[in-house]
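Given the structure of chain A, go ahead and fit chain B onto it with the hints provided.
2 protein chains.
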Amino acid sequence: MSHPKRVYLAGPDVFLPNAVQIGSRKKALCQEHGFIGLFPFDNEVPKGAPGRVDRLIFEANVAMMHEADLGIFNLTPFRGPSADAGTVFELGLLAGLRKPLFGYTNVAAPLLARVDGAVQRPDGGWQDADGWAIEDFGNADNLMIDSCLARQGCGLVRIDAGGKLDDLDGFRMCLRMAADAVAAGSRKRARAVG
Amino acid sequence: MSHPKRVYLAGPDVFLPNAVQIGSRKKALCQEHGFIGLFPFDNEVPKGAPGRVDRLIFEANVAMMHEADLGIFNLTPFRGPSADAGTVFELGLLAGLRKPLFGYTNVAAPLLARVDGAVQRPDGGWQDADGWAIEDFGNADNLMIDSCLARQGCGLVRIDAGGKLDDLDGFRMCLRMAADAVAAGSRKRARAVG
Numbered sequence: 001m002s003h004p005k006r007v008y009l010a011g012p013d014v015f016l017p018n019a020v021q022i023g024s025r026k027k028a029l030c031q032e033h034g035f036i037g038l039f040p041f042d043n044e045v046p047k048g049a050p051g052r053v054d055r056l057i058f059e060a061n062v063a064m065m066h067e068a069d070l071g072i073f074n075l076t077p078f079r080g081p082s083a084d085a086g087t088v089f090e091l092g093l094l095a096g097l098r099k100p101l102f103g104y105t106n107v108a109a110p111l112l113a114r115v116d117g118a119v120q121r122p123d124g125g126w127q128d129a130d131g132w133a134i135e136d137f138g139n140a141d142n143l144m145i146d147s148c149l150a151r152q153g154c155g156l157v158r159i160d161a162g163g164k165l166d167d168l169d170g171f172r173m174c175l176r177m178a179a180d181a182v183a184a185g186s187r188k189r190a191r192a193v194g
Numbered sequence: 001m002s003h004p005k006r007v008y009l010a011g012p013d014v015f016l017p018n019a020v021q022i023g024s025r026k027k028a029l030c031q032e033h034g035f036i037g038l039f040p041f042d043n044e045v046p047k048g049a050p051g052r053v054d055r056l057i058f059e060a061n062v063a064m065m066h067e068a069d070l071g072i073f074n075l076t077p078f079r080g081p082s083a084d085a086g087t088v089f090e091l092g093l094l095a096g097l098r099k100p101l102f103g104y105t106n107v108a109a110p111l112l113a114r115v116d117g118a119v120q121r122p123d124g125g126w127q128d129a130d131g132w133a134i135e136d137f138g139n140a141d142n143l144m145i146d147s148c149l150a151r152q153g154c155g156l157v158r159i160d161a162g163g164k165l166d167d168l169d170g171f172r173m174c175l176r177m178a179a180d181a182v183a184a185g186s187r188k189r190a191r192a193v194g
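Top line first, the protein sequences correspond to chains A and B. Take the first sequence: its letter number 33 is residue 33 in this note's numbering, and every next letter is one higher. Take the second sequence: its letter number 168 is residue 168 in this note's numbering, and every next letter is one higher.
Read the hints as simulated data drawn from the structure, not as lab findings. Hints may contain errors.
[What the hints assert, rightly or not] What follows is a list of derived Cβ distance ranges for each label pair: (1) Ala108(B) / Gly48(A): 24 to 32 Å; (2) Gly153(A) / Gly48(B): 20 to 28 Å; (3) Gly153(B) / Pro50(A): 42 to 50 Å.
Glycine included, C-beta positions come from ideal geometry on N, C-alpha and C.
Extracted from the complex, chain A is given alone in its bound form (with noise of 0.2 Å):
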């Protein structure tokens, strides 16, 4: 019996108004699915501790992320096409860590689909209403997110949940997929001492 893995719960849920009941909730299923849930509650850092809050509210999640065995990322888009600043930065420093990482987003429809005033351009390519290029690969964000994701396996979870941010049907299949890999894993293991 190995002891239970430790999930960095990353997503802009914390900026909702029912930040912790979407924390517990998540915190619960990760225990069914037999997790531990490290839920970056960004309002815990206690009122009078010394230095600035945001640098605090920063050490803490850094160090749960160091801590954290894997990671399940709320990557639905957050006021713009595109997911939530500090959950990519999360993301992008546990892929350098190396950590195991799953990611949903609420919205099936691909990047190229939300940029507002697209406009194809003669060679075929995409740009916004400012000349800037969108990519067309099909992703549901920037590529560096999807191929991330795809990269360890399972690919960015997409579901039609209108970009509802507290929909947590993506986050249960991002667990059973941890769920399997962690068994897969432990299989590996078990022959490999066999």
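Relative to the frame of chain A, chain B by itself:
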């Protein structure tokens, strides 16, 4: 005489119509400061290469980031109040790889001033029209981004250039800071062996 440091040049510059020229200009400025610039030309994947082009670009960019000694990031807002998602992913990745990082944004105003429909809550906090919290730390972007760069020592350089994506004043400032950091490191090493 040590070998010139390689600088990964991250930013939404690759999406601009004049991406090639910006890349050349940035690489020339790198050379003037004693650096070699590595610019992720998304368009350089040869046509007809086997595999998905987006995955090839991802792998090429990741390889370039591993090769780099440090990174300079254009974190100017891109299609929304935050920086380009691909750039932010790369910031996290290079932070995870523990490389020295420098960044600039071509807007001076804080994130809070750039989110549409921001309203103050009775408790003093801020939210957008959807009721989602907006950070109020005076940062240029999500606290993970500003804090990451603050922790590196120089902070996120904010230039009052109206969000113009290809203004290079901030880039030049980052280059000077990077050159100073490299020189300070060399002096430190020289003292250590002196």
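Please test the hint of 24 to 32 Å on the beta carbon pair from Ala108(B) and Gly48(A). holds (31 Å)
At the C-beta level, are Gly153(A) and Gly48(B) separated by a distance inside 20 to 28 Å? Holds, at about 27 Å.
Falls inside 42 to 50 Å, the C-beta gap from Gly153(B) to Pro50(A)? Because 20 Å falls outside the window, the suggested range is violated.
Hint compliance for this structure: hint 3 alone is broken.
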